[in-house]
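Peer 1: What follows is each chain in one-letter form.
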Amino acid sequence: MNGSCRPGRAWKAVRADERFSAEAKDMGIQYGTGHYWPRGEKEEGLALTLQQTTRARGALPIVLACVCEEGPGVGRTDGGTRFCMRLTDWFYERALERWSRERMPDLTILSGELSREREEAFFSAAGILCAGQHFLLFRRGRARVFLLNRRFLRPHLKEIDLPREGSGRWALEEGELQQGLGILLETDGFSRGVTGEERLACLAVDERSWGQRLESRLSELGRMGESRGAGGAAVFVVTR
Amino acid sequence: MTEQRKCGWRVEGLEGRGAFSEVYRVRRERDGLLLACKVTGERAQWERESALFRAISQYHHALFPRWYESWEERGRYCLLLEYVAGQSLKELLARRGRLSQRQTVEIGRALAEGMAFLAEKAGILYRDLNPDNVRICQDGRVKLIDFGCVCPLERQGRADRSGFGRAGTPGYAAPEQLNEAGRVGTYSDVYALGRLLHGLVTGDDPCLPPRRKPPIRAYDRRLSRRLERLLEECVRADGRERPPEMRRVLRRLCVLQEERGPGAAWGELREALRRGKEPDYRFEKHLFRGKGEALSWKAVASDGKL
Numbered sequence: 000m001n002g003s004c005r006p007g008r009a010w011k012a013v014r015a016d017e018r019f020s021a022e023a024k025d026m027g028i029q030y031g032t033g034h035y036w037p038r039g040e041k042e043e044g045l046a047l048t049l050q051q052t053t054r055a056r057g058a059l060p061i062v063l064a065c066v067c068e069e070g071p072g073v074g075r076t077d078g079g080t081r082f083c084m085r086l087t088d089w090f091y092e093r094a095l096e097r098w099s100r101e102r103m104p105d106l107t108i109l110s111g112e113l114s115r116e117r118e119e120a121f122f123s124a125a126g127i128l129c130a131g132q133h134f135l136l137f138r139r140g141r142a143r144v145f146l147l148n149r150r151f152l153r154p155h156l157k158e159i160d161l162p163r164e165g166s167g168r169w170a171l172e173e174g175e176l177q178q179g180l181g182i183l184l185e186t187d188g189f190s191r192g193v194t195g196e197e198r199l200a201c202l203a204v205d206e207r208s209w210g211q212r213l214e215s216r217l218s219e220l221g222r223m224g225e226s227r228g229a230g231g232a233a234v235f236v237v238t239r
Numbered sequence: 000m001t002e003q004r005k006c007g008w009r010v011e012g013l014e015g016r017g018a019f020s021e022v023y024r025v026r027r028e029r030d031g032l033l034l035a036c037k038v039t040g041e042r043a044q045w046e047r048e049s050a051l052f053r054a055i056s057q058y059h060h061a062l063f064p065r066w067y068e069s070w071e072e073r074g075r076y077c078l079l080l081e082y083v084a085g086q087s088l089k090e091l092l093a094r095r096g097r098l099s100q101r102q103t104v105e106i107g108r109a110l111a112e113g114m115a116f117l118a119e120k121a122g123i124l125y126r127d128l129n130p131d132n133v134r135i136c137q138d139g140r141v142k143l144i145d146f147g148c149v150c151p152l153e154r155q156g157r158a159d160r161s162g163f164g165r166a167g168t169p170g171y172a173a174p175e176q177l178n179e180a181g182r183v184g185t186y187s188d189v190y191a192l193g194r195l196l197h198g199l200v201t202g203d204d205p206c207l208p209p210r211r212k213p214p215i216r217a218y219d220r221r222l223s224r225r226l227e228r229l230l231e232e233c234v235r236a237d238g239r240e241r242p243p244e245m246r247r248v249l250r251r252l253c254v255l256q257e258e259r260g261p262g263a264a265w266g267e268l269r270e271a272l273r274r275g276k277e278p279d280y281r282f283e284k285h286l287f288r289g290k291g292e293a294l295s296w297k298a299v300a301s302d303g304k305l
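Protein chains in written order, with numbering that gives the first Met the number 0: chain A, 0 to 239; chain B, 0 to 305.
Hints were generated in silico from the structure; no laboratory data involved. Careful, some of the hints might be misleading.
As the list claims (entries may be wrong) - Sample of chain A residues lacking proximity to chain B, with all beta carbon distances greater than 10 Å (derived):
1. His34
2. Leu146
3. Asn148
4. His155
5. Leu156
6. Lys157
7. Leu161
8. Val193
9. Cys201
10. Ser215
11. Ser218
12. Arg222
Claimed, not checked - Some chain A residues close to chain B (C-beta under 7 Å, calculated; not the full set):
13. Leu47
14. Leu49
15. Thr80
16. Cys83
As the list claims (entries may be wrong) - Estimated spans, in silico, between C-beta atoms of each pair:
17. B:Arg228 - A:Glu158: 36 to 44 Å
18. B:Glu240 - A:Gly228: 25 to 33 Å
19. A:Glu219 - B:Arg221: 26 to 34 Å
Just so it is clear, CB atoms sit at the ideal spot from N, CA and C, and this is done for glycine as well.
Using the sequences and the accompanying hints, generate a full structural model.
Peer 2: Here it is as structure tokens:
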């Protein structure tokens, strides 16, 4: 797992010894989440999981979000849907239980799970696992990941280019999300229906309604894409 | 049946009686092995079953009872088979009413696997799939019994019924099977499997009217859409519109079997937390969307409890 800081990254990279630092700084963070899901037959070949919990003792917020899209043509094997289901099951069966026993989560367990995923299953996916301020981004195939940044005068949207190591392999990134940052995950189908300017204009909402209005704006964006014949799903996780 | 054979068998009792045969429990005196002896006066049926068991015995397939011997005695034809202890699906349904989706898919998968094997390895069409002919052993294994209606498959999965006539159980037999002129094939067994699984998961007897049954989710909304689509395709009146062979049904049942559903682990965790003294987590959002199946739930407890 590479924890070194990349040039231009808005989040703070995490050193190995920082992972087990005091929980206090994680307690103040809160997450807002939302998703977009298409209607009717456009939902074919898509899968989405969004799980948000707060650990009652210590109030550590934990979020799992992922979107998957099957490969095109006759090669559809439901691999993306099954992956999303296994990921969700893993989240509840292993991850939460582990976090109930340890002071800080070890996000590398997710990377271990991902490495077991068959590379030949033909689907693309983008996901994020957040525990407190720490996060792990994972992506494969054509799914896209954007960083939402409200820390400047105007909201800023920038695509995150995770290193690609081949079409079937997972690209991983780990770091800390600070206040004012968010992650938007899109399937390739969703991305093809909107432009960057439309995306930015739609997602520029004021700070007070950062989470709630963002979801309704995302729905507008998705329906805009649908009207152009595109289909796809998206999910976001923002700090507040 | 004669009370005792010279080679050291003892008849313990009558296990069951069919239209043309009787089945006895017999015990080998040498080692106490309990077997089933099927006795019939129909030579043609006996020859068919014997040939079938000879053909498949080398594979030791788990779905079929093991065959030991066949012989003729004073005009009665006997078949010695593995004794399958357990209950039939008919008895199970009478007791329980219906089975869960998981149990139905497991049974369906075992049957599909066996019948695909019959068609591909032995070139045989079963033609009489119904709850009476499926036994569930005490250890959970599924066994298919009674091969009196089998007929050979020819080219392209079609069967030559000349000399075999009509066969099947009303309510389970495909429309073309009950029609003398109809062309039966592997898709006919697919129809029977679809009707059987529909009856298992809904509790609605296919032998009772109406013949055309509602989709399974009309009985229970929690059932899988994928299973509903599969069963709906299997029981189409036109054989060309059904999955053409059991192998394709098997593949889809395998996918269903892996489909625990994202709510399964969450539900188990929630129950575990309920039993505990204090909940560890407050669940704020629990959402899964995929393949037309939507499962969404949102719970925020004001006092932190679920």
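Peer 1: Against chain B, does Ser218 of chain A hold up as non-interface, every C-beta pair farther apart than 10 Å?
Peer 2: About 14 Å separates Ser218 of chain A from the closest Cβ of chain B, which puts it past 10 Å; holds.
Peer 1: Is it correct that the beta-carbon of Leu156 of chain A has no partner in chain B closer than or equal to 10 Å?
Peer 2: Non-interface label stands for Leu156 of chain A: nearest chain B Cβ at 23 Å, farther than 10 Å.
Peer 1: The output says Asn148 of chain A does not contact chain B. Does that hold with a beta carbon cutoff of 10 Å?
Peer 2: It holds; Asn148 of chain A is separated from chain B by about 23 Å at its closest Cβ, greater than 10 Å.
Peer 1: Just want to verify: Leu161 of chain A was marked as not at the interface with chain B; is every Cβ pair farther apart than 10 Å?
Peer 2: holds (23 Å)
Peer 1: Far enough from chain B: is every CB of that chain over 10 Å from the CB of His155 of chain A?
Peer 2: holds (26 Å)
Peer 1: Please check whether Arg228 of chain B and Glu158 of chain A have a Cβ separation lying inside 36 to 44 Å.
Peer 2: holds (37 Å)
Peer 1: Taking the closest Cβ pair, is Leu47 of chain A under 7 Å from chain B?
Peer 2: holds (5 Å)
Peer 1: Are all C-beta atoms of chain B more than 10 Å from that of His34 of chain A?
Peer 2: violated (7 Å)
Peer 1: Beyond 10 Å on every Cβ pair: is that true for Ser215 of chain A relative to chain B?
Peer 2: Answer for Ser215 of chain A: holds, closest chain B Cβ roughly 16 Å.
Peer 1: Does Cys83 of chain A hold up as a contact with chain B if the rule is Cβ-Cβ below 7 Å?
Peer 2: holds (6 Å)
Peer 1: Going by Cβ atoms only, is Leu49 of chain A closer than 7 Å to chain B?
Peer 2: holds (4 Å)
Peer 1: For Cys201 of chain A, is the shortest beta carbon distance to chain B beyond 10 Å?
Peer 2: holds (21 Å)
Going through the hint list in order, the structure does not satisfy hint 1, though it satisfies all others.
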